[in-house]
Each structure stands twice: as structure tokens, then as C-alpha cells.
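Colleague: Listed here are the chains, written in short residue letters.
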Amino acid sequence: MTVSEQALPLVNCTASPKEDHQLLIEPTLTQLATVAQAWPAAQETSNGFSPWLRAQWSANTPFDRLTAAVATATAAGLAAISLRPEGAHWQLTALRWAAGPCIAQGRQACYRGSAAAVLDDDGHWLFGAVPVCEKTAARFARAPYADWVSVTSPADHGAGHELCGESADRMLTKVRAIFPKALTAGRVATTAVLYPGPFRCLVFADGSLLERGQVVLAAPSAAIDSALARGELLAWPVRRQAFTAPELSDAADTQMLPVRSIHEPLSWENLTESAAIPASPPLNWSAARRLLSTAPELRQQLIRLVEQAEPYLLLTGSDPDAQTGATGCCPSTVVAAANCLAEAGVLARLSRPLPPGACPVTVYTPRGELRGTVARPQFAPDAVFRARLLTELRPPWWRRVLRRILQTGLLGFVVLSLLVAVWTGLTELTAGTGRQIQNAGQSHSEDSLAMAVGADPLCNEALAVVVFHASQRCDFCRRLEMRSRAAAAAWNRSAAGRDQPLVVYTANYEAPEFDTVRQEFELFTATVVLVRLRNGRITDRRIFSDGWALSEDPAGFEAAFQRAAADLATAARATPGRQTGAAQP
Amino acid sequence: MMEVDPRFFDYAAGAPIHPDAMAAWQAAAREFSGNPSAVHSAGAAARDRWESLGREFMATLSLPDGFLVATSGGTEANNLVIGGTLARHPTGRILIAADSHASSWSAAQAAGSRRDVLPLGADGLISPTVLEQALKPETVLVSLLHAQHETGVVQPVAELAAVCARRGVPLHLDGVQAVGKLPVDFARLNCRYYTFSAHKFGGPRGFGGVMAASVDFAPQMVGGDQQAGRRAGTENLPGLAGSLAALKAAIRIQASERQRLRALAVAGVSKIRAGCSHVLCNSDLTNGLPGLVSLSFPGQSGSAMAADLDLQGFAIGTASACHARRPQPSRSLLARGLTPQIALGSVRVSMGSGTTPEAVADLAAGLLAAVRRQRQETQR
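In order, the protein sequences belong to chains A and B.
Heads up, our numbering is the position in the first sequence plus 99, with the first residue counted as 1.
Heads up, our numbering is the position in the second sequence plus 47, with the first residue counted as 1.
Hints were generated in silico from the structure; no laboratory data involved.
Note that CB positions come from ideal geometry on N, CA and C, so glycine has one too.
Mixed in with the good hints there might be a few duds.
[As the list claims (entries may be wrong)] Just so you have them, the derived chain B footprint on chain A, three or more residues with Cβ under 8 Å:
| # | region |
| --- | --- |
| 1 | 404-418 |
| 2 | 642-653 |
[To be verified] So these bits of chain B aren't anywhere near chain A, every CB distance computed over 10 Å:
| # | residue |
| --- | --- |
| 3 | Val86 |
| 4 | Ala260 |
| 5 | Val262 |
| 6 | Cys323 |
| 7 | Ala408 |
Go ahead and model the full structure; you've got the sequences and the hints to work with.
Modeller: Following this line, the structure appears as C-alpha cells:
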């Protein structure tokens, strides 16, 4: 049977959740449950559609509270529940279906998403084309189902038969029984994903079962990738960039129900001196384990924290995943990971007050150890929790032993290889082959730098600019590159530039191949290096240090850059450069 | 002296107000409510008091026949001298020390390509020979620090001033860190302009100024004829009264404090060096600014160490800031030849009248603990 992609004519719109709704701001679970249970169904409203219930929580709300909110809405009998980043918040949308006759008129619903099958809140199990009643067909034609379900036009077969029956809860129980451990069966589950709804669950062809509002670890597959690409699943942790500026036009038809926030951000800025330090969010070890598996550097720091009995861990830099991350100072993936651990309740954190121009510093302790007041924190080490944390942080003994064996073996192999190489080199030298090492006299860092600029040994004389950046790029580093490119272009238009043009390259100084460059130049941040090459060899290189201070001053940057380039070009003419030592043909 | 927390080690950023200064400020604020520019008798009384206090202030620093242009602080004073000179001499060049305070440095940026930078030696000192060579016929002002705000290095101002005098170029000395802590004898300094800030020596915040043998700069703040048109705005009479009282108090104990603070600095650095072999001391503990110690811990973060010490109850300064959303190593330290990484790992400890030997010992222990934690953090 061919499934029509045309939406049902009986519902003339795919009603947006933004229409005809009420909004709860930071409700507690109790408040949400109260409102959800009293939520009207479709026939109780004037226009025949159920209003949408919307609830918003801040982007840094602990996720287990959001999961509990989804469960609360489900338990209250709401349907089409969806939990997604919306504006600057997490937003839950839900409505209540009206009761009504369940009579088939020959329509069929076909799920068009990436999973093999889905289960909705009315117990409809959709896989391929499934007969549905008029009531269900109308629901599937509405947002948010319309994105994932097509409904056929009425057909004459099956008319008048009752179709819907089994409840979603009973269906889900059966599904859980069928796919008990499907997620990790036979493969390594490495992809943490969130299914935001609106269906009760998705089942993928490989047996992966993803329930609404839950973060699960799934085995990577083409279907999971497709679902992520289509927005049907969200990669976990949800990047904070997914949260955008709040929409301003919502308020007009929205009944605001301000209630107490369930999670106040902890910082010195918004708390008084005598304010007590709030308790950590509920502990979520499973989320913490997943986070720690992807943050080895933080894991090591936490191990040292516990082993050295340090009272706290101080991390500098901003969270690149935070809402301010795009423009935050010194973005740090370690800070991002630590913040996620804090949200999972494993760590307690305290932000430092920031005067203008200060680099963010955040204090972290194991859960429950941060006491006193916000202005005068005290640290009370909890030996029991630390011991538990250490067991989570450290790999099992057999893995440590295996690693040690591998390390020893690798070290032995390297030593042996070096000995063989040295012996071979000595043999060749004493044999008097006359073969010279092409890059003799050139330091490792120069080799690396030459690699960064793709030095062409046939190029007689050249000037280049290398913009070194870290793996995590920030506004500053992009601006530095932009300014360098603009200044180099201006240089190339000048008379001196036509004589000795500049080429701009970028390189990640955190890449292993640039270790020596990073050490020699002490690269710790985005840095512009001017380089002079001759016959593929670096003959001069200078850090353009003025660029740091002038990155926000385009004219000043360009002027200083021109001076530095002119100095380099002048030096190029004045000094012939080092001989290459390359073998002559 | 008021009770000052002995764990406060950031006097170079701002010293606690001296009780004499507080009393003088309050008395002047109560007694002289008239505006010194007003024609009525209350205004005349305030004007008389303003002028007598100004003369007394200058006499205290051995400038009986000069000018005092009061400002809101050291930053405005430096801007006034440099910006005002550049405005008065639109084609002239300015020669500025590489380690100048940001207020002078930024004001000199207005000169664009007419700004020349005077390099420092590895010890932070400026060589008179280098100064002589750097002067150009178009140079209309030389701007130097008397005492460096991050390292405490004290320049050989007499020799440098002699070079400027010989070449006929006006010299501006930024004395914000020096006044109250070092003997300042304007008559022997042989400079044209000397700028200061009151809250660095126990005076009230919001008062500073330029002392000048003669004035050759255009006003930077206009809209009034106060202070002979050199700086518009109602005169801060209580600020001047408080500053004068603080200055007198500081000078009273200057000699003994200088000796005491230098001994404390030596003791503290010795303790830190005993526990951390890789620390670099950027200060001259014998001849530098008393009690100001700049330390560098290569590869570590100065701001994180300051934050760690804050958690331990100590207040110290850092030598870096985030500019353009990245950590910016101190220009002053870079000018001395320190690498960016070393400069970023620098902190400034500055002591004052409330500092005790016990607090210095505690600070040394706290700093070593912070260094140890930092090293663990940076280990990979």
C-alpha cells in the first residue's frame, strides 16, 4: 500500500505549541503535577483544541529534574510531551487529548522518522502503515507529530471497525520486556543521546530502545546518526549553544505563572554575603560515569584531589558550553566537564566574583564539602564520599595492570628502536657514504613550523604568517586570525608586499606535531608568528606580540603588523639566512 | 591606625584610609560647605582653605613655588599630563617607558606613530644612556615611572632627569606608588610633572593630582575655570584635606616602615624560595619599593593562585588580566624580558602598615599550598 504524504484535510493546521498555551516558569514538580492534573482536554475548550501546557526551566537545571518533570506530565495523563531547548531554556510542552469515539474511516498513519517503530501516548505502535481512527489521525496531523507521521486519505476498507484499545503503559511494559538490554547487546554503546519526545519511546532496528525524556547510551549506528541529524534525538550533553536568546513575542497570549525557581545558579554575584551555600542537585552516578569517560584530564585532576587530600580544585577559564561560552574568556573543556559533573551532583562548585578583565575561576569540591556562606566558604572533606568517588574515578585493577604492561612493552620497543636507529646511523657514518641529513642544523621546532607553513623547498624566499590556535577556538582567536588575514592582504597590496608577499596559515598548537613549537614559543593562547623561509627552511621567526593587545583595534593591529612585516622583510634582505645544508645534486 | 586585616597584601592597589585622613576629610566636609568658585563668603572661605591646603601639600613634597592640579586620581592625572601635552604639541613626539601604567600608556597611544617606547633592562631599570639615545628633536615629553607598580623597581630618577634637563625635554614622573613610601623631594627630582594618587598612601579615594614646576598642557576636562582653567570641575576640598593628612602620617613613619617592610619582604621570599625552587622574584628587595614583591611561578596561573589565596583568606594582586577575552600577560613584565608564560604566572604581594610577621609567614605557607595545587592541576 502506498502511503500518502498529504496531511489530513480535517485538521487544517499543524497547531504550533506556541498557540493557545499557558506557561509555567521554573515550576517545582509538585506545582507541575497540580497544573497537569487539572489541565483541560480538547472538548472543554472553546476552539476545540486542547491548550498547550508549557513549562520552562533554566538551561543549567539538573537534568534529573527535567526527567522527573517528563514523568510527572506522563503520569498526569498528558500527551504529545516534548522536552527540548527553546529560547534560553529547557521547555516541556504537553497537552491532553480529548476522549472520543475510536472509529476507523480507512486512514492509515505511517511513521517517517529514523527509528524502526514508535509508541505514542495512546498506545499506538507505529511501524510502517498502521490503520488509525479519525481521532488519532487528527492528532497525528498536529504538531509535534506531524513532523514524523504521515496520514493517508480515507479508504473504503476497514471503515467502521474499532481499532484502538491497549493502553500505552501496557504496551510499553511489553516493549521493555522484549528489549531488556538491547542498548548494549553485542556492541560498545558510546553515543549518549536524549530522546526529547513526543512519542513514548523509539525502537531502532538494532533493538535500541529510547524512552522519552531519558538520556541513554546507545551503540552507534546509521539510524542513530540519522535521528541526531534530523533533530529527532539530541546528542548528550546538549550543547548550550542549542539554547538561543529568549523569544519576546510569546508574552502576549501567555498566562505567566511565576513560581519559585527549582535551581538557582550559585555565584557570589546573586547571593548576599551571609547566604548559605545551596545544596548540590541530586546525585546521578550514571550521568557522572558517562561524563568522566569522556573527560580523562578532569578525571586525573579529581584523582589527585582525592589522593593528595586537597580541600578543593580550582579551574580557570569559562565553560564553552555555557550560554556565554561563545564570547566567554579562556574557554576550557575541563571547566565544561566539571560543570557537567556539578550538574550531576558529584561536585559542588562556587563561581568567583569577576572584576572586569578577570579570567573566570571556579572552585570545585566533592559533593557536600562546600559549607559556610557564599562569601566565606568552608571546606569539610567527606572521606566516605571521596572514597566512593575514587572508586568511580579509577579504572579497575586489571585495567591498570594491563596498561602498565602495555606501557612497559611500548617503552621497551621504543628503546630498542632507538638503539637500532643509532647503531644504523653510526654504521652509515663510519661507512662514509657521504649522505647528509637534509635538515641538519634545523631545530625540531623549525621543522614543525616549516610543516605548519607547508614549506616548499623549491621556494627560494618567502614570508609567512602562522596563526596558532588551540583546539577550542574562541572569539579572540578567530578575531586574531581575521585581523592577521586582513593585515596580510594589506601588506600584499603594498609595494613591499608585492616584492615579498605574505601567506597566512593556521595551525593548532595543541596538535602533537607542534609540541616542540609550543614549548619553544611557550604558546599558551592564540598567537601570531611571522616566519621567513628560504629554500623550505625557517630562517627567522618572530612572535607578533602586539597583536594580542591590538586585536580589538583594527587600525592599530594593521599598523603594528605592517611594521613587524617590514622588519622581517628588511631583515630578510639584510641577512642572507642560514644555509640549508641540503645535499647538492 | 585603624584595624587592618593583616592578611591583606594588596596595598599597592589601594591602602586602607588612615584615621587622620578620615578625620581631616570629615572636618573639611563639615566646615567648608561652600563652593570655592562661589562669590559668597562661604565660597571664599572654602577657596582660601583650598589654596592654603594646596600650598601645604606641595611644601610637604618640597615644591613651594609650583602648581598643584587636583584630579580624581592618578589615572586622570596621567591622562592630563600626557593627553594635555600632546594636545598642546600636535606634531611633537612622546617617549614613554615600556612598563608604564596603563593610564599613561593608553593616553600615549593617542600619539600613534609619534609615540616612542623606552626599553627596560632585564633588571627593570632604564639606562640614562638608552634614554639619551631615544630622545629625538621632536620629543616634547618623557614619561617614566618613579616606582613600578607591579615589581616595585625604583628608577634612578635623578640621573634620568638630568638627561632630560640637558636635552631640554620636560619629564613626567608617575609617582603614584612612590608618594608616601619613598622620600619625594620635588626640588631635587628635577622633573616638570609629578603625578600621585591619594588612596595609595592612606588618603581618600577619588583624589590625586599633578604637581608641576610649570604647566604646559591643555586641559582635558573643560566647562569651568576652576584651578586656573587647567581642570574644570568643583574642587574636592575634603579630598585634599584628607590627602594632606594621610601624606603627613605616611611621611612620619616612612623611614621605620621602609626598613620593617623590606625585612618582612625578605623573610617572606626566603620562606617561599625554601618551599618552591622554581619561583622567580622580579623585585629588588633592597632598593625597590618597600614591601612590594613580584613573584613568578612559570607555567602556572597567577589569577588562579590569587583566587586560591582568597579562599585561604589572603588578598594579593595579580599581574595579568583578561583582555579581549584571553589572559593578557603583564606588559610591564614582558618589557623586562619575561616570557608570556612566566608573566602569566606572576602575583604581586604588597605590604603596608597592617602587615605582621606572622601574616607574612602564613601567606608564604598559603602561597606554597596554592602553588602545589596549581602544579597538580597543570600536570598532564
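Colleague: Does each hint hold? Answer for all of them.
Modeller: Here is what the structure says about each hint:
Residues of the region 404-418 of chain A lying with their CB closer than 8 Å to a CB of chain B number 8, which satisfies the three-residue condition for coverage. Residues of the region 642-653 of chain A lying with their CB closer than 8 Å to a CB of chain B number 5, which satisfies the three-residue condition for coverage. Every CB of chain A is more than 10 Å from the CB of Val86(B) (nearest about 43 Å), matching its label as outside the interface. Distance check on Ala260(B): its Cβ is at least 33 Å (rounded) from any Cβ of chain A, clearing the 10 Å threshold; non-interface status holds.
The beta carbon of Val262(B) is kept farther than 10 Å from every beta carbon of chain A, the shortest such distance being approximately 30 Å. Annotated as non-interface, Cys323(B) keeps its C-beta farther than 10 Å from every C-beta of chain A; the closest such distance is 16 Å. Against the 10 Å criterion, Ala408(B) stays outside the reach of chain A, whose nearest CB is about 20 Å from its own CB.
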